[in-house]
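Protein chains: 2
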Amino acid sequence: MGEKGAAGDNISFLLSLRAVREFRPDPVPEKVIGDILEVARLSGSASNKQPWEFVVVWDRATLRALAAVEGYAYHLKDAPLGIVPVMAGEREEQESYDEGRLCERIMLAAKAHGVGSSIGWFVGSGVAEVKELLGIPQERRVRSAISLGYPDGAARRRRGAPARKPLSEIVHEERYG
Amino acid sequence: MGEKGAAGDNISFLLSLRAVREFRPDPVPEKVIGDILEVARLSGSASNKQPWEFVVVWDRATLRALAAVEGYAYHLKDAPLGIVPVMAGEREEQESYDEGRLCERIMLAAKAHGVGSSIGWFVGSGVAEVKELLGIPQERRVRSAISLGYPDGAARRRRGAPARKPLSEIVHEERYG
Numbered sequence: 026m027g028e029k030g031a032a033g034d035n036i037s038f039l040l041s042l043r044a045v046r047e048f049r050p051d052p053v054p055e056k057v058i059g060d061i062l063e064v065a066r067l068s069g070s071a072s073n074k075q076p077w078e079f080v081v082v083w084d085r086a087t088l089r090a091l092a093a094v095e096g097y098a099y100h101l102k103d104a105p106l107g108i109v110p111v112m113a114g115e116r117e118e119q120e121s122y123d124e125g126r127l128c129e130r131i132m133l134a135a136k137a138h139g140v141g142s143s144i145g146w147f148v149g150s151g152v153a154e155v156k157e158l159l160g161i162p163q164e165r166r167v168r169s170a171i172s173l174g175y176p177d178g179a180a181r182r183r184r185g186a187p188a189r190k191p192l193s194e195i196v197h198e199e200r201y202g
Numbered sequence: 026m027g028e029k030g031a032a033g034d035n036i037s038f039l040l041s042l043r044a045v046r047e048f049r050p051d052p053v054p055e056k057v058i059g060d061i062l063e064v065a066r067l068s069g070s071a072s073n074k075q076p077w078e079f080v081v082v083w084d085r086a087t088l089r090a091l092a093a094v095e096g097y098a099y100h101l102k103d104a105p106l107g108i109v110p111v112m113a114g115e116r117e118e119q120e121s122y123d124e125g126r127l128c129e130r131i132m133l134a135a136k137a138h139g140v141g142s143s144i145g146w147f148v149g150s151g152v153a154e155v156k157e158l159l160g161i162p163q164e165r166r167v168r169s170a171i172s173l174g175y176p177d178g179a180a181r182r183r184r185g186a187p188a189r190k191p192l193s194e195i196v197h198e199e200r201y202g
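Going down the list, the sequences are from chains B and E.
Residue 26 is where the first sequence starts when you use this note's numbering, and the numbers rise one by one after that.
Residue 26 is where the second sequence starts when you use this note's numbering, and the numbers rise one by one after that.
Incorrect hints may appear among the rest.
Repeated chains share a single entry, so a pair holds when one copy, or any two copies, can fit it.
Okay, derived cross-link-like pairs now, DSSO-like style, lysine-lysine, Cα gap no bigger than 30 Å in a straight line [what the hints assert, rightly or not]:
| # | residue 1 | residue 2 |
| --- | --- | --- |
| 1 | Lys56 | Lys190 |
| 2 | Lys74 | Lys56 |
| 3 | Lys74 | Lys190 |
Hint data in this document are derived by calculation from the structure and do not stem from the laboratory.
Isolated chain B, as found in the complex:
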């Protein structure tokens, strides 16, 4: 990159996001949560339907219960905070896409404040269990949750950065084939 000024800063910021799954127990300040929710609120969506609500969870027993249901959201266990998007349950494909956009923004807003995050998926019986735990109506759709908290740097250094495919493997010009 190496640009000067705001463009370079913003690109560097976007490039800096990594999933964080190990957290310090320090609470996330209300002001930071406010910024995260505001960035989430302004997410774009198909036909601007904004097909989402959020359950913000601090309660340790609830976070542990969510971490334990079928799926891959185990990292909620030690996170000081979790956000569970509750989607309208009307248009599966578009809502999954919109939920991805939303969650990327939540992770970036957290990162802006030095707060780490990662996405966990609920699968199989985990989906119904989450609805039961959080009082979410059956007709709504739940598929993911975001763990949030200040990163445990030591755990981080042990893991290193995830590999990504090079551009030469994934970019095609004008036509795929």
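With chain B fixed as given, assemble chain E onto it according to the hints.
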């Protein structure tokens, strides 16, 4: 928001993103496209599968043809550039979510450089037509495209900003119900 420093700047940046559907004809510099693709490349994905490739399209005839298929990607017609994510086609729900994360990052990377963008959907027969136009194998999944270009400010001002639901309508603490 009103914070000082990098956190406030990054939050303001995230809050500033709006879909842009009217473009000036000026080309998007190669350096900017490079940054956008690099931000896309580093996107997170379920199980780090990175289930994507991209077709970058500059050719006017191709962009017009893509804009004309069944769906909502008409804004490719006058965009100097389009990016079509080609997804692996293995896990429908996770890939739709990952495509949303990816496209949000592409839009933000473009915005960092003052480049506007919007997401268009292909539906019905449009999906097969896009595959045919771009030489994408049948087993791959195509569902959206991103138009990119410098915003036509006059058109923008005529439209105004999209409404979003207030936080009070979408945020629940600890439990939904």
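Outcome of the hint check:
1. Only between protomers do Lys56 and Lys190 lie at most 30 Å apart by alpha-carbon distance; the minimum there is 20 Å, versus 36 Å within a single protomer.
2. When the C-alpha separation of Lys74 and Lys56 is checked against a cutoff of 30 Å, the pair qualifies only within one copy, where the shortest distance is 27 Å, while the shortest distance between copies is 34 Å.
3. When the C-alpha separation of Lys74 and Lys190 is checked against a cutoff of 30 Å, the pair qualifies only between copies, where the shortest distance is 10 Å, while the shortest distance within a copy is 33 Å.
Hint compliance for this structure: every hint is met.
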